[in-house]
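Residue numbers (the UniProt record's numbering), protein chains in the order written: chain A, 1 to 370; chain B, 1 to 370.
The reader is advised that the hints may include incorrect statements.
Estimated spans, in silico, between C-beta atoms of each pair [what the hints assert, rightly or not]:
no., chain 1, residue 1, chain 2, residue 2, range
1, A, 340, B, 67, 37 to 47 angstroms
2, B, 67, A, 332, 50 to 60 angstroms
3, A, 368, B, 349, 31 to 41 angstroms
4, A, 323, B, 242, 40 to 50 angstroms
5, A, 340, B, 51, 25 to 35 angstroms
6, A, 362, B, 294, 25 to 35 angstroms
7, A, 48, B, 202, 55 to 65 angstroms
8, B, 119, A, 341, 51 to 61 angstroms
9, A, 340, B, 45, 21 to 31 angstroms
From the structure, some residues in chain B lie toward chain A, with a derived Cβ separation under 8 angstroms [unchecked claim]:
no., residue
10, 310
11, 346
12, 347
13, 354
14, 364
Anything over 12 angstroms on all C-beta distances counts as not near chain B; from chain A, calculated [what the hints assert, rightly or not]:
no., residue
15, 80
16, 99
17, 162
18, 177
19, 225
Since the hints were derived computationally from the structure, they do not count as laboratory data.
Heads up, the beta-carbon is just placed ideally off N, CA and C, and yes, glycines get one too.
There are 2 protein chains.
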Amino acid sequence: MAAAPVAKVTGMSSIPDFWAVIPAGGSGTRLWPLSRAGHPKFLHDLTGEGHTLIQGTVDRVAPLAADRVVVVTGVAHAEAVRAQLPGLTPDRVLAEPSPRDSMAAIAWAAAVIEREDPEAMIGSFAADHVIPDGEAFRACVAEAVAVAREDYVVTIGVEPTFPATSFGYIQMGQALDGHATAARVRQFVEKPDASRAANYLATGEFRWNAGMFVVKATVLLDLLTRWHPELAAGVRAIAADPSTLAQRWPELTRIAIDHAIAEPAADIGRVAVVPGAFTWNDVGDFATLRELLPTADDGVAVLGDPALVTTIDASGFVAPRGGRHVAVLGLTDVVVVDTGDAVLVTTVERAQDVKAVVDALKAGGRPDLT
Amino acid sequence: MAAAPVAKVTGMSSIPDFWAVIPAGGSGTRLWPLSRAGHPKFLHDLTGEGHTLIQGTVDRVAPLAADRVVVVTGVAHAEAVRAQLPGLTPDRVLAEPSPRDSMAAIAWAAAVIEREDPEAMIGSFAADHVIPDGEAFRACVAEAVAVAREDYVVTIGVEPTFPATSFGYIQMGQALDGHATAARVRQFVEKPDASRAANYLATGEFRWNAGMFVVKATVLLDLLTRWHPELAAGVRAIAADPSTLAQRWPELTRIAIDHAIAEPAADIGRVAVVPGAFTWNDVGDFATLRELLPTADDGVAVLGDPALVTTIDASGFVAPRGGRHVAVLGLTDVVVVDTGDAVLVTTVERAQDVKAVVDALKAGGRPDLT
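Isolated chain A, as found in the complex (with noise of 0.2 angstroms):
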């Protein structure tokens, strides 16, 4: 399959042998109080748009997976995503009875969906990240499926608008024959400072690391085989026979794909990269999702009821969702978060530390907040 014609093409039709993998992990803890523990952010609306951020992110791949979608997450969520799921079959939804890190996630998907299709192709996208360009972003999936057809981990490199200092980049390097934008990935860098971010921008060759990879499922575990043999083998010996994951689970090798296998396929040569000019956000924080909501014209983004909210000379991010009025006077970049038994006031500038009030209030004996 060539990805030129593809990436032209709009309602693009379903890969019969594509399968989407949903790590739903992680509780947001950088949007407290919006996101809990018990209710991560994920499973929350954050956009606006009438869906949640799982559902729509199964919108997105759904003209390309069909129902061939597999949810991974913990097991105090997952009666949360089948009711938030319900076109998904419950068997659909794997339930981590720990957090083990994403390559268990990821691999243990991987295995279950190797059972029954062996030849299958998966796709794995973070329940909890925004993409607007939905036809876009398909495109490149469907060229990242081609790619990986040559038995390539296949990454999507998101084209940088500003020199972030918060995502990890993907550097690119000779372009894959027969394909129209692939590349080798040269390797994977880890958050760089502001100064290098600058220069990786300077440069042309960097992406942003989204944490989507594209990979048919054997070629997935047979490279963990390599590196993580038993890794590799717990999650298939648990797909082989479900009643063995209460003891198999929490012996398995607690590391992040990127460590697992990506960094060390790139290193041997066996990873590419599809570059995605997509507009992309991981909703990580008050700024970044702040930048996904319509700003009024007096400057203040809000999520929720605008009727709630009265703002004089202020700008910055408002989300009344406790069902209470929302004042804001004479405050620049301000962050004021409503909520039915917790209200949070910060910057934009300090959104990326809100984790030290879940801290304080863990700490501060009151973790029934967190």
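Start from chain A and add chain B according to the hints.
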């Protein structure tokens, strides 16, 4: 009665012919959303001391006035005032059918008191001011009563601690013979700008006008007869026949006591001032309210339960009055007021402008919140 020895006595005894008049008006819009039109600030415990402002005002005058206390308030608040002041007989709470400004309110009380005690001395003290040192306050009042027996209108001039631009000032003149600290009033001056206020303080002759007046009831009404005869006759007629209240009240002249009596009486040498060195706070806005409250180590003053507040890198004022937890991260001199149906976020610097929020709510279809 000479004031000097009295001022040194603690546990001062009652002055048998002294009556306190407590005008309880004003909605306190600059303290929104704590203060509402339907539940104005004098009905609130804004100091966290376990009594409301009007209860504190009555307690402060009680050692001098015993049960000779008359409150004048709007008809909408009379029931709440009576409930908060069970020691007053219901007829001591005069309910104004509509607001007619301070002269009508105080003159009505004076006329009622004059009928019961033709020789009564009255002192008028607003229901929503805070004076922590009641002993020093009463010493001033006792001296003011002694001066008022010589048929002066006596005001208490609070010693300025900074060049305030939000209060009027009183310029002191020649000392009054036979009294410890009293002096004639040269003039009342309106709220000055910052440079004039600084000049006032530099002279040492100026005191804050806290709106406190001590005067013989008949003197007040006779002076009023001189400048506003229909107003004086109106309140005396209502006092003589309370059944005429509804008919006569709307016809009374709307004027403040400062313009009706204090200023013209000063022009003819009939006003004296007793300087007061006590701390006085008119609780005009959240900036002044903050000064009444202890500030925690982290620089945040809390009105309410400190266990409901988490602050990190923050200073200012937080009122958790809605039962919810309030978290503030990375804001200096911020004001956060949480109530059951509304949350205000502003700054100490903009505290004076909170009225604009109330105006916006009225104009924006939410007068129910004001």
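Status of the hints after comparison with the structure:
1. 340/A <-> 67/B: 37 to 47 angstroms: Since the Cβ atoms of residue 340/A and residue 67/B sit about 46 angstroms apart, the hinted range of 37 to 47 angstroms holds.
2. 67/B <-> 332/A: 50 to 60 angstroms: Holds, since residue 67/B and residue 332/A (Cβ atoms, about 53 angstroms apart) stay within the stated range.
3. 368/A <-> 349/B: 31 to 41 angstroms: 35 angstroms, holds
4. 323/A <-> 242/B: 40 to 50 angstroms: 45 angstroms, holds
5. 340/A <-> 51/B: 25 to 35 angstroms: 31 angstroms, holds
6. 362/A <-> 294/B: 25 to 35 angstroms: Given a distance of about 27 angstroms, which is inside 25 to 35 angstroms, the answer is holds.
7. 48/A <-> 202/B: 55 to 65 angstroms: 57 angstroms, holds
8. 119/B <-> 341/A: 51 to 61 angstroms: Because 59 angstroms falls inside the window, the suggested range holds.
9. 340/A <-> 45/B: 21 to 31 angstroms: Holds, at about 25 angstroms.
10. 310: Result: holds, 5 angstroms to nearest chain A Cβ.
11. 346: 4 angstroms, holds
12. 347: 5 angstroms, holds
13. 354: 7 angstroms, holds
14. 364: Where the cut-off is 8 angstroms and the nearest Cβ of chain A is about 7 angstroms from residue 364/B, the hint holds.
15. 80: 23 angstroms, holds
16. 99: 25 angstroms, holds
17. 162: 22 angstroms, holds
18. 177: 51 angstroms, holds
19. 225: Correct as stated: the minimum Cβ-Cβ distance to chain B is 46 angstroms, above 12 angstroms.
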